Structures are given as C-alpha cells and as structure tokens.
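Participant: Residues per chain, in single letters:
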Amino acid sequence: MASITTNIAAHDAQGAARGPKPRRALSPRNIMLYGTLIVMCLYYLLPLWVMVMTSLKGMPEIRLGNIFSPPLEITFEPWVKAWSTACTGLNCDGLSRGFWNSVQITVPSVIISIIVASVNGYALVNWKFKGSEVFFTILIFGSFIPYQIMLYPMVILLREAGLYGSLGGLVLVHTIFGMPILTLLFRNYFSSLPEELFKAARVDGAGFWGIYFRIMLPMSLPMFVVALILQVTGIWNDFLFGVVFTKPEIYPMTVQLNNIVNSVQGVKEYNVNMAATMLTGLVPLIIYFASGKLFVRGIAAGAVKG
Amino acid sequence: MTNSIEVKDLTLNFGAVSVLKNMNLDVAEGEFVVLLGPSGCGKSTLLNCLAGLLDITDGQIFIKGKNVTWAEPSARGIGMVFQSYALYPQMTVRGNMSFGLKNARVPKDEIERRVARAAEILQLEPLLDRKPAALSGGQRQRVAIGRALVRDVDVFLFDEPLSNLDAKLRSELRVEIKRLHSRLKNTMVYVTHDQIEALTLADRIAVMRGGIIQQLAAPQEIYNRPSNLFVAGFIGSPSMNFLHGATVDNGKAFQFGETKVDLAGYEGGAILERSKAILGLRPEHLTIQDQPEPGKTIPATVEIDEPMGADSLVWLLAGSTQMSVRVPVERRLAAGKKVHLKVDITKASIFDTVTEQRV
Chain D
148 MASITTNIAA HDAQGAARGP KPRRALSPRN IMLYGTLIVM CLYYLLPLWV MVMTSLKGMP
208 EIRLGNIFSP PLEITFEPWV KAWSTACTGL NCDGLSRGFW NSVQITVPSV IISIIVASVN
268 GYALVNWKFK GSEVFFTILI FGSFIPYQIM LYPMVILLRE AGLYGSLGGL VLVHTIFGMP
328 ILTLLFRNYF SSLPEELFKA ARVDGAGFWG IYFRIMLPMS LPMFVVALIL QVTGIWNDFL
388 FGVVFTKPEI YPMTVQLNNI VNSVQGVKEY NVNMAATMLT GLVPLIIYFA SGKLFVRGIA
448 AGAVKG
Chain X
201 MTNSIEVKDL TLNFGAVSVL KNMNLDVAEG EFVVLLGPSG CGKSTLLNCL AGLLDITDGQ
261 IFIKGKNVTW AEPSARGIGM VFQSYALYPQ MTVRGNMSFG LKNARVPKDE IERRVARAAE
321 ILQLEPLLDR KPAALSGGQR QRVAIGRALV RDVDVFLFDE PLSNLDAKLR SELRVEIKRL
381 HSRLKNTMVY VTHDQIEALT LADRIAVMRG GIIQQLAAPQ EIYNRPSNLF VAGFIGSPSM
441 NFLHGATVDN GKAFQFGETK VDLAGYEGGA ILERSKAILG LRPEHLTIQD QPEPGKTIPA
501 TVEIDEPMGA DSLVWLLAGS TQMSVRVPVE RRLAAGKKVH LKVDITKASI FDTVTEQRV
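Residue numbers (the working numbering), protein chains in the order written: chain D, 148 to 453; chain X, 201 to 559.
Heads up, some of the hints might be wrong.
Quick list of in silico lysine to aspartate or glutamate cross-link-like pairs, EDC-like style, CA-CA up to 16 Å [what the hints assert, rightly or not]:
(1) X:460 to X:449
(2) D:277 to X:255
(3) X:208 to X:255
(4) X:460 to X:473
(5) X:385 to X:403
(6) D:275 to X:255
Pairwise CB distance ranges (calculated) [claimed, not checked]:
(7) X:275 to D:338: 23 to 33 Å
(8) X:239 to D:287: 28 to 38 Å
(9) D:303 to X:275: 44 to 54 Å
(10) X:400 to D:167: 48 to 58 Å
(11) D:339 to X:470: 51 to 61 Å
Since the hints were made in silico from the structure, they are not lab data.
Owing to the predicted nature of the structure, the values given are computational and were not obtained by experimental measurement.
Backbone N, C-alpha and C define an ideal beta-carbon position, used for all residues, glycine too.
Bound-form chain D, shown alone (with noise of 0.2 Å):
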C-alpha cells in the first residue's frame, strides 16, 4: 500500500514537470494581441453594422442622422422593396430581375469555364503535343493584358458573331477571360500528381476521357471548390462586363444595384440602397461560407509544387 501511494506521488511530481510552461490568460501579452485584434475587427465591421442597421430603419428615422444606433422601429420594409419594387429610370421591379439575369449567367459561365480549363490543364500536363508548352505561354501572357484592351475589339467579335447584347455573349465573354487564370491553376494541379498514375492508367487501357474521369476527377475535388469559388465571384461581382456587353433587360445584379443606388430622380433612399447592396454580395458571401474549407486546402495543395 505505502509502495502504491509513493509511487503516485513520484508520478504526480513527475507529471507536474513535465508539459509546456502554463501561461496565464490575461497576460501582458494577450491583453495587447486581442486587444489589438479586437479594435481592428470592430474598425472593419463597422460600415458592416451602419449597413445592417439603416438598412432596417425607416426613412423618418435615418433623417434623424444618428447613423450608428440600432433603430428604434425595425422594419424589412427597405429590403423588399430593394428586392421587387426599387425603380431603375423605367423599370421598377427592383433587384429581382438583376438577380435572375446574374443567375443565368454565372451558372453557365462558370460551369463551361471549369469544365474547358480543367480538361485544358490536364491535356497541357499530361498529353503534351507539338507546341503545348508555346500554347501555354500565350495563354498565361493573356491574364497579363489589361481587360479594357480587349473590350473593343470584343464587342465588334460579338456583334460579327452576332451575339452582342444577348446573355450567351456575355457568357462567352466571361469564359474566355477566365481561361488563363484557371488553365493555369489546373495545370498546375495536374502536374503536381505523380506521373506515374497515368502512365499506370494508360497500361491499364484507360483513355483520354478515361483517365480524366476515373482517376484525375476524383483527385482534384479541391482545385474544383478554388475554381469555383473563384468564378462565381468573378462572375457575379463583374460589372464591367455586364454593363458593356448587354442590354438593359438583361443587365446583371451589380448593374442594376448601380442604377438603383445612382438614380437621381426623388429622395435619397439609403435603406433601399444598403439593403440593395447586401442582397447583392448575398451569393459570394454564401460561397465562401459553404466552401471556405475546401477552398483553403485547394489552395494549399496548388502552392506546394507550381
């Protein structure tokens, strides 16, 4: 018994000894770092919380001027009418239409961009022809011009193809400028898997589209979630594109919050605008939320061999 009880406190004395230095939770130290950290994030949020807040007052109250208190009447009044009603010179069905318009051209051009430059990336890594690496050059100095450049001589392609003013244009558009920059990372990717699986793929008679759905697919679900990620903001946050590109039936949300927000004619209608503004950045916003792991370890896996 007494054997028992020394040999706990041997243990217990040892245990003490043993592990990092405890530190103490209000040091010096951490009063100074979150301190720091927590003035700074309540700088950033700040234009955030005036958003939120005027955004949920009505007119009489913001009028009062005390921008930074909550209000004192909570009313969605503003988001809806941001939403459905807000009037942008002879329209006035609000964001709504914008909304469907960027719908319907984030999801096309983000989906052929992917597929393209996935299958682009995997071609120039793994079935190198005659003058892929000459191909790859020019691609990437594409990224390097200035996209005002471009906007001329593209609205005369359009207009010759024919698809000027119309979605699929734009759609067009955004594909093409987003290939060098997504060819690049999925290259990049590809050849930071070992060489090995596809020459084992090929012996096993597996194809072209064979390897690329059976083994290179379900090894980059990462670059994926980055790609995506970076399109469908790209894409949805464009406006340079949208405004020069289409027509105003079909203008996208960012444009249409621009109309809204710079209407000249009544009042200044601060709730509908700041509510306009956050139903805009809503879907980027989801996104990162949604995939915001995937995304940091797509990146992390592309930064290890480029």
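Once you have looked at the hints, place chain X on chain D.
Facilitator: Relative to chain D, chain X alone:
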C-alpha cells in the same frame, strides 16, 4: 525458343539529346532480364519505350512476334509495376486491380476470378476492400504487382519496384518476385540500379551506360568476366581492384611497379605485349599471406581492417594503389603490417587501357 521481346535498332532522341542509341535486345520466352545501370543511363527510358509510354524516334519493337512499335500501351500485352506504386488513391485494392479489366470489358465473373487468384498468390485477400492510404509500403507494392498480374499478360515490366522500400522489406519482396517468376514463368524485364537485385533475380543482366548496353550476359559471366572497365567497376561491392601497369614478356606476365605477376592460366583472349594495361582483381579473389611467392604475389601494406560480420574487409596500399581484400572475420590485421597478396589469375581480368575492353 521464341523471343518474347525483340528490340531492333531502337533510337530515342529528346530534342537534340540522344537517350537511346541503336539498341538491340532480345528477351527469350520466360526469361528474367534485368536492366542495370547508374541513373541517367536510359534503363527506365527503355522500359517506358517497351511499355509504349514514350514514342520512339526510330527502330522497331516486337512483343510475342507482333510489331507493337506504335501500339497503345494497353494493346501490347504487358503489365507494369512502378517505383512509386502508382495506385489509384480513390479506389480500393479490388478497384485498383480490376480497373484495367473493366476498361478491357472483361466479364464480371472473370474479373472476380482473376482478382481472387492474384490476391491469393500475393496474400492480399484480407486487404481487398482497403484504400491504398491504409496500406504499408510493402503491401502497396504487392497490390501494384497484383494489378499487373490480373491482366494475364506474358510480359511484366518492373520499373525499380523496390527502391521506395526499406532494406528489410526490399529483400523480402525480392524473394517474393523471384518466387512469382518461378511460379508464373512469365517474361520479366526489371529495371534497377541495385546490383544485388540484379545479381539475385536475373537470368541475364543488361548493364547500360549512356543509352548503350555495355554487356548482356548471365550474372556470373558479368561478375567474373566483365566485358569492359565500366562493367567491371560498376558490378561488385566493394568494387574491383584495378592495377595500372603493362603486359610484358610477350603477354606472359603483368608488370606492376617492381612486381611481376605470372599470367599463365588467364581465361580470355591472347594477351599481347601492351605498354599500358589494367589488371582487375576482385576483393575475394585475393588472399593475404606473410611470405612472397615469385610471380604470384603483390606486396602491400595494411591500412584499415573493417570487420563486416560474416567476413571482414581489409584495405591495403600496393605502391600508391589502394586495394581491398575480403578475408575471414577471425583474421585480424594490424595497420602498417607488410603482407603479400596472392593473385588467383584464373579469376582476374585484364583490360586494354585505351579501348577499356577486356582482353
């Protein structure tokens, strides 16, 4: 016996760099040929050409009498095992082994039967439903061998299959591959840079350097009668001792410094008188003795004695040439001791200094 693989005048260039030069190689039915050489000698490249994974510049490849020079890898009747195993990570062991068969549209019950047989041969039955990530290195390589096995092909290609394994597993799997060969009697072409693997596994070894086969012969032949200086130096550990000297007395003796070694009994061609020649002696073909014998011994001084368990390696200086001799482990020699090395001339090799070829 028919040839399983015939390579005729195979040439491969990468741009301006010539990787394989006019290569000819015949592998008999059921033969185990090892391609051995230092890195960059083109041995893996040759294997990739045989597999159809690289397009060749010139020449022809026949497998089982069929010209497969431009055939797809899957249509050549080969199975291949890779250094990094190359298992499909998202598939189970069963999925990995049956992938090729599914591509070839083999009926389901036939796939079942072949996978079961391969699993039985390689003792993979308990692992069939696991993913590669849950396997050890040795198990992964056995799955990779199984994947080649189920294809029911006549020719197996191995690309350094044991290089990623630790020493113990390597020797275990080496024995397993040898057992597999004696059971299946397939033709096997095996690439390695490990001479122990080559010497233990091969029916014939092709020693390669710079895209050229230096010597193609049975392991004993390669070991005892290396065709040139490169092969002699590459095979054997520690490597062969080379004494630089001259052949004198109408090719009857080798002059090394003050010492003359009698060449009577040398197995090889006619030794002419050469002002410069190299005498190659393997460490185990020398014996250490205290007394000189004229024409049979070389005087040397002991430098270091390295006991290696089964035997011990003694490093000596003969003139300014460093030599190694393998001796029984009981025999301890003090550094600085003057001894005489008795030469077994029947096992020695003489090389021409200029052509580097064995005489």
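Participant: Each hint needs a verdict: does it hold in this structure or not?
Facilitator: We went through each hint and held it up to the structure:
Proposed proximity of residue 460 of chain X and residue 449 of chain X is supported: the alpha carbons are some 10 Å apart, at most 16 Å. Simply put, residue 277 of chain D and residue 255 of chain X have alpha-carbon atoms about 13 Å apart, close enough for the 16 Å limit, and the pair holds. About 15 Å separates the Cα atoms of residue 208 of chain X and residue 255 of chain X, which keeps this hinted pair within 16 Å; it holds. Restraint check for residue 460 of chain X and residue 473 of chain X: the C-alpha separation of about 14 Å stays at or below 16 Å, so the hint holds.
Note on residue 385 of chain X and residue 403 of chain X: the hinted pairing holds, with a Cα-Cα distance of about 12 Å set against a maximum of 16 Å. The suggested pairing of residue 275 of chain D with residue 255 of chain X holds, with an alpha-carbon distance near 12 Å, which does not exceed 16 Å. Separated by about 27 Å at the C-beta atoms, residue 275 of chain X and residue 338 of chain D satisfy the suggested range of 23 to 33 Å. Separation of residue 239 of chain X from residue 287 of chain D is about 32 Å and conforms to the stated range, judged on CB atoms against 28 to 38 Å.
Between residue 303 of chain D and residue 275 of chain X, the C-beta spacing of about 49 Å keeps the proposed range 44 to 54 Å intact. Separated by about 51 Å at the C-beta atoms, residue 400 of chain X and residue 167 of chain D satisfy the suggested range of 48 to 58 Å. At roughly 59 Å, the beta-carbon separation of residue 339 of chain D and residue 470 of chain X lies within the given 51 to 61 Å, and the hint holds.
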